[in-house]
Structures are given as C-alpha cells and as structure tokens.
Amino acid sequence: MVPLRLVTKNLAKHKLRFALTVLSLAIAIFLLCVLRSLVVALNAGVAAAASNRVIVQSKVSLFVYLPQSYGPKLALVDGVESIVRWNWFGGYYQEPSNFFAQFATDGKQLFEVYDELEIVDGSAEDFLRDRKACLLGQDTALKYGKKVGDTFPIIGTIFARLDGEPWDFQIAGIYRSSKATLDSNTLFFHYEFLEKSLEAGATVGPSGVGIFVLKLAPGADPVAVMSEVDAMFENGPQVVQATTEAEFQAQFVSMVGNVPMFVSSIGGGVMLAILLAALNTMLMSAREQTRDVGVLKALGFTDGSVFGILLAQGLVLCGTGGVIGILLAKVSEPGMTRMLSSMFPGYQVTDGTVMEAAGATLAIGLLSGIAPALRARSLSVIDALRAVR
Amino acid sequence: MALVPLSYNLRSLVVRWSATSLTVLGIGATVAVLSGVLALQQGFETLFTESGRDDIVVFLRQGATNEGDSVFTLERAQILMKTLPELETPPGEAPLVSAEIYLAVRRNRIRGGETNVPIRGVQMRSFDIYGDGVRLIEGRRFGLGADEVIVGRKLVDRIQDCQVGRTLWLNTTPFKVVGVFASDGPFQSEIWGDRDRLAEALERPVYNRVVARLKPGIDLVDLAARMESDTQVPSKVMTERQYLSSQTQALSFVLRGLGLFLAVVMGVAAVFTATNTMLAALASRTYEIGILLSLGYRPYAIFLSFLFEAFVLGIAGGAVGCLLALPLNGVDTGAMNFQTFTEVAFAFRVTPEVMVTAVSFAMILGLVGGTWPALRAASLRPTEAMRRT
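Chains as they are written, first to last, in my numbering: chain A, 12 to 400; chain B, 881 to 1269.
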C-alpha cells in the first residue's frame, strides 16, 4: 500500500524545489506540444484533403505555366463538374518581407469548388462584380489592418507593373477557411484582370495557368479522370500530372524537406534535458529521505510500499508539470495559431498531441522515479537510519 | 578581501558528482539543441555568402527578388549582352557575359518523396565566367546543342536519375547525364545543361538572369544606378556575393527565430535546474557556510563563491553541449530555400561563432540559476547556519 499523503508531504517539504522542477517540466512538455503541433500543421492539408478534387499541374515544375487552351479541353473530360484556374502571383505588401500568397483565380468557380471558403465580411457578389476586387484571408487582413473597402497595394515580383506602381486591389470581401485545405492568409483576385493587364501591356510576365483544380461530379471516378487527363497531354506541349488533392498537399510537405526529422531531433534534446532535471530532483529528495526510509521500514512498511512511495513521488512531480505544460499548450493555441498563420497555417494542438505529451510525461515520471525507488527498496533499515545527511 | 578558495567549490562539485553531472548534462542538452539549430543556419549561410564572388555581376529584371522571378526576353538579354561597355572583353574574344535560364524542376528523391531541383541552362561562356567556381569531377561537359546535362555532386546520392549514364526526362525530352561537377556554392545542388536545348525542351523561350565579369575599375554602384533607370532594359545589378547573400534571408530568419525561441524556453527550464542543484548544494552545506563565516569570510565572499560554483556548472554544461553538437559538423543535410522554393544541400557548420554563442549562453544560464541560491547563502548568519543539522 502506498500512503498518498506521505507522497505529497514529501514533495511539499521543499516547495521551491518542487515548484522549479514542475515549472521546468511544464515548459518542456509545452515545447514538445508546440513542436508536435508544427508537424501536425504541416500535414493538416493532407489530412483534410477533399476526395472530389483533382489537381492538374505541370509534371516538370511548379513554376511552369500550362497553356490556357488546356482549360476547355479539361472541361470536356467525363466526370468534371467545375474547373478553377490558380495562378501564383508572388507579390508583397510594401516590403519583400511582407510576403504572403496571392492567386489570380476564377471567382465564381472558386466558390463552387471550395465550399470551405466562408465570407466573414463584405460579399461574394461585390467581389464578382468588380474587376479589380480581391478577396482577402482574415489572418492577413488582421495582420495588415485591412478592411472591406480598403485598397490593398501589392508589388508584383513576377508580374511587375511597367509604370512601377503597385497593383491596387480593392478589398471586396474577407474570407476564412473552415478546413486546412485552404489557409486564411491568401489574397484571391480575378484571373481576367491579370490577363487583361498582360494584354494591355500594363505588366509583363508569363501567360498561362499555374494549376487547374477540377471538381468532380458526384460518383465520378477520380482515378479514371486522372489517367484520362495525363494521357491527353502526354505529348506536350506541357506534360501534366493529375493528382488527388491529398497527393498534391503531400507533395508540398515533401518539398519543404525533412521537418519532422528536424523537429524530432529538437524534441529528443528537450526530452533528454528534462529527464535529467527530473532525475536530479528525485535523486536529491531521495537522498534526503534516506533516514525517513529507514524509519518507515522500521515501522513495518514493506520494501514494496517504500518503492511505491518514491516512485509515486516521481510520477506526481512529473504529472503536475506535464498537466501544466499541456494546459499551457492548449491555452496558447489561439495565439500561436495567429502568430504562425503565415508559415504554419493549421497549427493545432490535437488530442493525439496531448496523448503523446501525456505519454512522455509518464515516461519521464517513471524513469526519474525508478532509480531512487529501487535504491530505497534495497536499503536495509540499519543502513538507512545510520545515513549521514 | 579574502575570497573563499576556488578549490573548495571545485571539490564540492566533485563530491556531489551525481547532481553535478546531471545538471551539466541537462544544460549540455539545451546548449546542444541550440548549437544544432545555429550550426544549420551557419552551414546554409556560409554556403551562399562565402561562395559568391565579387568579380561576377548578376543582372535581374527590375522588381525581381530572385532568378526564379526574374525574366528577360531574348531581345532584352541581347541588348544587355551586346551594348554594355563595362563588360570584360578578353583580347580577340567575345565579352565575358552569358544569359542563363533557371527553373526549379520537380524530381524524386532516392529515399522517396519529391523535391525541387534547380536546373540551369548555360552557355559555354558561363564556364569561363565562373572559372574554377565550377569544376568537373566525373565524366565530361555536356555537348553544345546536345540533349545532355551535368549534375552537381550533391545531387548524385540524393536525387533519382542524377547519375552519369542515366537519362533524365524534362517534359517530353530525354536528357543524358554525362558528368558530375563540384562547386563551393549552391551550384552543387543544380543540374546544368545547354541553354538553348533546355529552353526548347521546357518550352521557355526566355532568360532568367544575365551574368558577366566587369572590366577592372568599374564602379558597380554607378552601373547599378544607371541600369535601374535604364529605359530599354531596366534591371537590378549586383555582385554574385550580394545576390547569394540576399537569398539566405528567409531561411536564416526562420532558423534564427527558432533558435531564439528554443533558447528562451529551454533556457528557462535549464535555469530552474541549475537553481535546484545549487539550492540542494546550499542545503547540504549550510553547516560549512557557518564555519566559513565564523572563520571570517564576508558574506560577499560566500556569494561569489556560490556564484562561481554555478558559473562552473554553466561552463561545463556549455562545453558538454558543444561536444555533443560537434559531431554534427560537416554532416550533410538539405533544407528548403524558401526564396526559390528549391532544396539546397549543405553541411552543418559548428563554427567558432556557434561555439562562443553556445558557451556564453550556458554561462548565463549558470549565473542566472546561481544568483538566488548564492544570495541565500550569503544572507545566512554564522550561528544559525552552524546550529542547523
């Protein structure tokens, strides 16, 4: 039997030490949660991908434009309900460091294909009506303090205006995305506007389409659509690759590189540091409790319950830290999501992350408690009582 | 002015070897994680900045921030190459100038997953411009007008079909890999081929940048100012070193940010551990402090003595951290250069700068962690201290 009161009393004997250890554990577990959530964020797009969307992109490069003429041909493929063009604009606001995603797209089709896109301010109709209008993600709007009705001047890097001025987009709507397949940072504007500006010689830049996103009709077979599309442009002029949305998202995760490995290495370092800290505290308090162990044993407590008392101290110590750390991660979630929205949209402390953090806490608790517990179990009464402090 | 002998502290650390080593290792793990992140950043940055040459100039289209964004039409590139009086022209030869195409192409890694590899279409003149910046180490150069490419040596072990004798498909054209080249800079992660053949295969009848050598004594600042407002070909002119340095900003920013975040968060945890250790040291040595005080040592001497002990813990932790991080030096890794969205291979570099930062950080951790226990030690009264058991 393990008297729990004894466990808590022993821990409370050194309040400052207990507090410091618990806090460092809390910080470490918090850090593990944050790191894990970054990996989750990275894969969020893959996890949320829609099964009825097919992406048609160049097989050669992300930076190769597909001919405009591919659009009408794709529309004729059996099972395709709607098509939307996406063109990477690559501009920035005032300074190159104020960089975020902008796409030239088909307004009407965008709403048809992406039902996760919700207008939170302004209206879709205003956006569709005005040639120079744009739709802005709420995170970006918040970051730069932009509202519906404002002009948002964007300097083009790929499509630089020949008059040297920025592109003045009129904000007609603010949107947010309810799924990780779209972020809430992007600026969407009309493909026709870009096209007309190129034709009128107001800007230079490549003509063509970055990607086509196909929405499939209910019941259509994505595999059949994809192989038909691939075969259609097999001989050029630009070879394409049709993929599911999940594969498309996974492709970007892979391109960003070995982030999970990098994050795990850091996580490993954090775990090691914190294990050592917990072990240090546990060994210190166990050493100070040597005589208490002797007294307990003399009173008739078994080796097993003495072992339990010390192990439980480790577990309670680490458990407290772990719970605080997990709570910190949960409480900071909205703030972190906002802060990281441009680099890691979809940052989220999932239940899986919480479970993993709890597992790590338990492991640290057991590992740090077991050495002093074993020592206490094997101590003889005489040796323990004789111990010099 | 009597200070407590330093050997007293060193011996105390040795006597409490388990607490000392756990604390040192804990600080060490923290420092090692920080050093790892900094070594990654250093490796990336040195690859770009140290390999760039001051005698090579790069022309980008006005408004472009990297060669992926920059586009020169054939006519504009010709104007640049034919009309600039500043270009170095060896007697009896054409000027040392070359227009290049650049495209990040999608390639599969040998270990699985997809990545973006830069492909550079060059002219034979490019080899004269770069000189020994590009050295063939296997096979031969691609033939003029041939469907052949050479690959940077960092690609050979990482990317599929980048080995001599293999065939690399670009759009609808097969290119044969005929050689491997080495370079000290990011070129070593690139595929090079004949510019005109690549332009045709990729259906890209444009150039991305123009590189040249300038005549001795030409003032680059003047040239840059003139080209910026040039009516025919407005362009951005900089040395290769300046260009490459500008390419590291995004990733360096991310890595430095991550390093700082980890340093602060893990640092706080490490400080708590150090405080705990020092408090335990204080608790077990209260009696000794009483003796020291009654021998005539002043409280400030006790304070300095304990602070010194914490400082030693910090330095030792810093040294251990550096030792842990040192094996990373020279280890090859890859990271995404966010500016061109391509993967660059480079090696971790544990530079003296990294080690100095790491050890200073550890010393600060020790000092901050030791201050409170040292103050407590210094505020003890001799009678009180000696009475405690």
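Mixed in with the good hints, there may be bad ones.
As the list claims (entries may be wrong) - Below 20 angstroms or equal to it, Euclidean Cα-Cα: the simulated EDC-like pairs (lysine to aspartate or glutamate) are:
#1 A:Lys26 to A:Glu258
#2 B:Lys1116 to A:Glu176
#3 A:Lys158 to A:Asp132
#4 A:Lys143 to A:Asp161
#5 A:Lys158 to A:Asp174
#6 A:Lys70 to B:Asp1041
#7 B:Lys1116 to A:Asp174
#8 A:Lys70 to B:Asp1027
#9 B:Lys1116 to A:Glu106
#10 A:Lys70 to B:Asp934
#11 A:Lys70 to B:Glu994
#12 A:Lys70 to B:Glu1018
Please keep in mind that the hints were generated in silico from the structure rather than gathered at the bench. Quick caveat, the model's predicted, so the values are computed rather than measured.
Verification of the hints:
Straight-line distance between C-alpha atoms of A:Lys26 and A:Glu258 comes to about 53 angstroms, which puts the hinted pair past the 20 angstroms bound. Between B:Lys1116 and A:Glu176 the alpha-carbon distance is near 17 angstroms, which keeps this suggested pair within the 20 angstroms criterion. Taken as a hint, the A:Lys158 and A:Asp132 pair is honoured in the structure, with Cα atoms around 9 angstroms apart against an allowance of 20 angstroms. Taking the CA atoms of A:Lys143 and A:Asp161, the gap is near 12 angstroms; set against the 20 angstroms cutoff, the hint holds.
With a CA separation close to 26 angstroms, the supplied pair A:Lys158 and A:Asp174 exceeds the 20 angstroms bound. Our distance criterion of 20 angstroms between C-alpha atoms is met by A:Lys70 and B:Asp1041, whose separation comes to about 16 angstroms. Simply put, B:Lys1116 and A:Asp174 have alpha-carbon atoms about 16 angstroms apart, close enough for the 20 angstroms limit, and the pair holds. Restraint check for A:Lys70 and B:Asp1027: the C-alpha separation of about 19 angstroms stays at or below 20 angstroms, so the hint holds.
Between B:Lys1116 and A:Glu106 the alpha-carbon distance is near 16 angstroms, which keeps this suggested pair within the 20 angstroms criterion. At most 20 angstroms may separate the alpha-carbon atoms for a hinted pair to count; A:Lys70 and B:Asp934 exceed this at roughly 37 angstroms. Taking the CA atoms of A:Lys70 and B:Glu994, the gap is about 12 angstroms. The hint holds against a cut of 20 angstroms. With a CA separation close to 29 angstroms, the supplied pair A:Lys70 and B:Glu1018 exceeds the 20 angstroms bound.
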